Amino acid sequence: MKHSWKNTRRTRTVAITAAAIAAAFTLTAFSSPGHLPPSLPETAKEGIITDGGSVNVKAAAAVPQVGIERKEVPVTHAPAASEYDNKAVANVTDVLNLRAEPSLDSKVLGKCYRGAGGTVLEKKDGWTKIRSGGLEGWLKNDYLVFGQDIKPLAKELGLFTARVTTQTLHVRETPSTDAAIIGLAAADDYYPVLEESDGWIKVQLSSDTSGYVSSQYTNVSLTPGKAVSIEAEQAALKASENKGQKKKEEEKPKYVINASSDEIYLMAACVMMESGSYSYDGQLAVASVIVNRVKSGRWGSSITDVIYADGQFPGATSGLLDKYLAKGPSSEALKATKAALSGSNNIGDYLFFNSAKRADYNNYSSYTVVGGNCFYKK
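Residue numbers for the sequence shown, in mature numbering (1 follows the signal peptide of the UniProt record, and there is no 0): -31 to -1, 1 to 347.
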């Protein structure tokens, strides 16, 4: 059988043309004409080597491409993750109920005081489900702040915590490496942050002591207070009622100022924070100051107003009080609180107090020292 030289040439031409079209579609799939896939060699930038032959890329690109549409797709980058993402914090003057279901008729599982919050799990019909303090429940959105809106409240209430990231860190009296060392902080110790500036962080060491640490060796993060379960709150209150007393019929106490069970719990936590390991008399003295302030009306008309008043109890706005609320006040602190609310008072009409170690006695018109604190008149 004879083969036609012309037919062979025509077949080879068709094959090369088909290869050219395929090359054009391959280039279009990867990029614009003149740009090759990264797997192709440098020598193929102007022509694709196939079967020992060569196809001109520019000519191949000129072949009509049916059914292919090019679109410019803008590249967007997701915003960086923030510590405020998926967080909710209670912004209330009293307490916010944490409920089992998104309804005002639902069972109350716990309480969130101002500045308490947690991780958002779900949102529904004006309610938000959060996880906080080992509890999961629903809070009304009207009394919450979310995301970046948390930041101003967190700064106001001092909801930031500094974690020490080095083995031992000096705590200094002022923000300077030449300042006196007033303490040492160990690795992974946590302290409420009062302020940050110029490479230094002012932290709350105790109810009446603060100091400065280098920001280079700390990690600052948002730390809202935790929800307190109803069981924990009721157990603490009941323990104080039963201690040292014989069981008898419950009788509603007559307090010299109005106080709900939530406010008693809050006040006892504040008493414990301010009096530390002092005696019962020291705790009663702090509780008496709170009662005196409510009576005076200068800082508000309720226990909550007095405790969260600007500049009065630093621990209440630095996050320190939240720790005592989450842990629960001692039975002694609750006993002293209820005694003060019932009229017991061991410091008279004093409205102010300070640590006895820091007291400026020469500037007081009168004073008395009880349990490590100095109670005075200006």
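Treat the hints as calculated values from the structure; they're not laboratory data.
Because the structure is a prediction, the values reported are computed rather than measured.
Be a bit skeptical, because a hint or two may be false.
As the list claims (entries may be wrong) - The list that follows gives simulated cross-link-like pairs (lysine-lysine, DSS-like), each with its CA atoms no further than 27 Å apart:
no.	residue 1	residue 2
1	K171	K264
2	K292	K76
3	K124	K307
4	K98	K292
5	K124	K92
6	K347	K207
7	K307	K292
8	K93	K120
9	K346	K296
10	K93	K76
We went through each hint and held it up to the structure:
no.: 1; hint: K171 x K264; in the structure: 33 Å, violated
no.: 2; hint: K292 x K76; in the structure: 25 Å, holds
no.: 3; hint: K124 x K307; in the structure: 32 Å, violated
no.: 4; hint: K98 x K292; in the structure: 22 Å, holds
no.: 5; hint: K124 x K92; in the structure: 25 Å, holds
no.: 6; hint: K347 x K207; in the structure: 38 Å, violated
no.: 7; hint: K307 x K292; in the structure: 21 Å, holds
no.: 8; hint: K93 x K120; in the structure: 24 Å, holds
no.: 9; hint: K346 x K296; in the structure: 33 Å, violated
no.: 10; hint: K93 x K76; in the structure: 17 Å, holds
Of the numbered hints given earlier, the model fails hints 1, 3, 6, 9; all others are met.
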